[in-house]
Amino acid sequence: MSEAPLLSIRDLEVSFRTDAGTTTAVRGVSFDVRAGETVAVVGESGSGKSTTAAAVIGLLAGNGRVTGGQILLDGVDLAALPPTELARLRGSRIGMVPQDPMSNLNPVRLVGRQVDETLVDNEVVPAGRARARTVELLEEAGLPDAGRRARQYPHEFSGGMRQRALIAMGLAARPALLIADEPTSALDVTVQRTILDNLTELTRSLGVAVLLITHDLGLAAERAQRVVVMYGGEVVEQGPSEALLRAPQHPYTRRLLAAAPSLASRRIELAKQGVLGADAVAADLLATTAGEHGHGAAAPAGAAAGARADVAARGGVGTPLVEVEHVSKVFSLRGKGLLARSQPFTAVDDVSFVVPRGRTVAVVGESGSGKSTVARMILGLLTPSSGRIRFDGEEVASGDRVDRAAQVRFRRRVQPIFQDPYASLDPLYTIYRTIEEPLRVHRVGDAAARRDRVHALMDDVALPHDLLRRYPGELSGGQRQRVAIARALALEPELVVCDEAVSALDVVVQSQVLHLLADLQARLGLSYLFISHDLAVVRQVADEVCVMQGGRVVERGSVDDVFERPATDYTRSLLAAIPGRGLQLGAGGDAA
Amino acid sequence: MVRLILRRLALLVPTLLGLSVLLFAWVRALPGGPATALLGERATPEAVERINALYGFDRPIVEQYVRYLGQLVTGNFGVSTRTGRPVLEEFASRFPATVELTVLALLLAVAVAIPLGYLAARHQGRTLDHLTVVASLLGVTVPVFFLAFLLKYAFAVELGWFPSSGRQDPAMIATHPTGLYVLDGLLTREWDASWDALVHLVLPALALGSIPLAVIARITRASVIDVQSADYVRTARAKGLLPRHVRDRVVLRNALLPVSTTIGLQVGLLLSGAVLTETVFAFPGIGSFLAEAVFNLDYAVLQGFILIIAVVYALVNLLVDVSYGLIDPRIAR
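Protein chains in written order, with the UniProt record's numbering: chain A, 1 to 592; chain B, 1 to 333.
Heads up, none of these hints are tricks.
A few chain B residues facing chain A, derived, Cβ under 8 Å:
1) A238
2) K239
3) G240
4) L242
5) V250
6) P329
Quick caveat, the hints were computed from the structure, so don't treat them as lab data. Every value quoted in this text rests on a predicted model; they were computed, and no experiment measured them. Where a beta carbon is used, it is the ideal one built from N, C-alpha and C, also for glycine.
All chains should be built: construct the whole structure from the sequences, respecting the hints.
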């Protein structure tokens, strides 16, 4: 390690020009990256971490500009460099591994060629002589069978394989600095772990400095020597990883640590804390929600007793609400080759479990495990190929069954909340219309009654009423997910299916939404089916867990049993892959 | 892929059958008849009857249709009532001229539209972009025949830069092995004949190509705007790809996928536009002959030509769909 830093960011300011004027996204950011060192920049979305990275590599979005400070690479100010000079440094001195492997490869070019051209255009090898080196690079990035894989297109690769190809490209010209912008957040935990291990080892042996951009504090602490915490476009705290996590100085860092779900954290127990607990959470939500909020949580909390009495009347907490019995789902896939027949593909294979009333059952698994297919069948959006799904004793009527009336009745009682709050709300509907729509569709009450109900729902999810006239595009991710929850609750369903409902949210917001869900469960006696890939989140919300792998349930049990005494190797490997698992976080993981 | 082609070809049969029924009914619904068209307003009823009997127009319409279908199966499209020559022969002698015209029109349109669309996208929201949008709007809205007259008047009549009509200078003596005059001149090394044919093609091709040009430019613009903000374009820049490689291999290569579909669809438009353009420029292709057939109620020519054009159109689109698999590896399976 040399004394002079490789990259030195001094008082960086980045602004974006918009119709409304200029907004400053990053201000006063200063930190160093020494040669061969890994520095993590941690923050939630909108914190300016990705903007800082984009400024370093000179790829700010069209209307963004460095409006102050310096970005010194080997003592040369990149911010003052003419664009053509800066372009010459990209690839050769600064490499990049982008976030989403699915969208970052040229879809119409062979993967090998995309590595070839990186080598040729950065003058590592002459044109036409790149192939052997390309195969070496792909192998080095951990891509098996690299020679054959190089002659395939990106769509023939899995997410993990694509990310390996992108790592090969990022490191192809042996840059001194590699910017890794959330390099594995789109991948399954086990894949994430092997890819990060490979990347860590590779950059260490090559002596490449890494600027790791991540929202995951655990991952940052595990992979980086130093951590820079950003919030609202500014650096709030920086220092050696361990010291920073053990003794966070800034309130935001502490909040981030407290919100980060970890395996040490416990089930959010609001039901047992009763009304007081619910109020405390509502107050906490109020404190963190921007805008005014007139109505307290007292009124809905008062109704909690009634709600629970209601559940009791329906058959009592703990009696089965959803029974999934030996359910399988087979899709037919188009075969490869000229005259190939379609191939049957079993997405869900003989799955059975029960969702008891007033409880939360989590289905966890990696992509392709069949967990979302299970959710869709329970929602009645897909028909099982065999087996039965019963809801409150009646078989679930799905799309192609005839009884429309039964289907409509069923839809009132079961509501979904999906992963992406950006995609699952109609951008042309106001928030009011979004939440009111299910009431209107099912002809509940008159206009005035519906308005009162919408207002009450906004109170339930702790959103201020002045948002009702806004559109989803004007809301933050957390606010949108709360709108999605309010919409799902409009019809007073008994079961809410949360399909990766908090996966797209920042940890602090995620923690708020999880508490909200727990609070609503306590007050309204809701049952949740919680589909997630994130075991740490599942640990916090579930009563029972089903672990799925390749369409089968490989393990099932109470949340404590599965997490503390995992019975299968697969569950153990999932648990072991969670970043930051072994770290003792300063603020304690269970500070809920 | 093979299955796709076979299925599409099989689908062509009912399509053509349906079209033939429509055509058969439609040409007979036109006021007047081929006999009056041939003999004039003051023809004696006996003469009209003789003509009708000669061509079988006096039979019930269903019988006529069945007989027509029977002939079609053997490749007999009937005889033109106006020229007395077989329809297929008439088509074969004129089709090369139209092919030459549409190909040149399409080439001109593509060659101008793609760079124009690309530049407009790169200058999105600035003057060049606005100019392109306005120009392409004009291109789509100005009727082909009007533009054809305008071009003819300005560049042929007033300026005299190009001939105003025909395919070839009447004084030109040349041999035509393929019927594609520009190609013929190259094959037989009669360079002046090639040049002469090309000069005759310029104005009609410009007029004919105006709409496809405008449409392709707009699709290209929208597609490039869409693609250039894609993650993989940013990654291509980040990995140090030369700017021209980013443009050609990443942006254009991806942006042209939807454009290629559009180009295929334009072929139908070109064939129908050829009727107007060829008439204005007295260009001896299928378009101008078809226009004359309408005026003369030449049933066999109308039916035959339109059926063959439909086949050509369907085949061109099949070709585009098949080649789409070659351009986009995600489609090829």
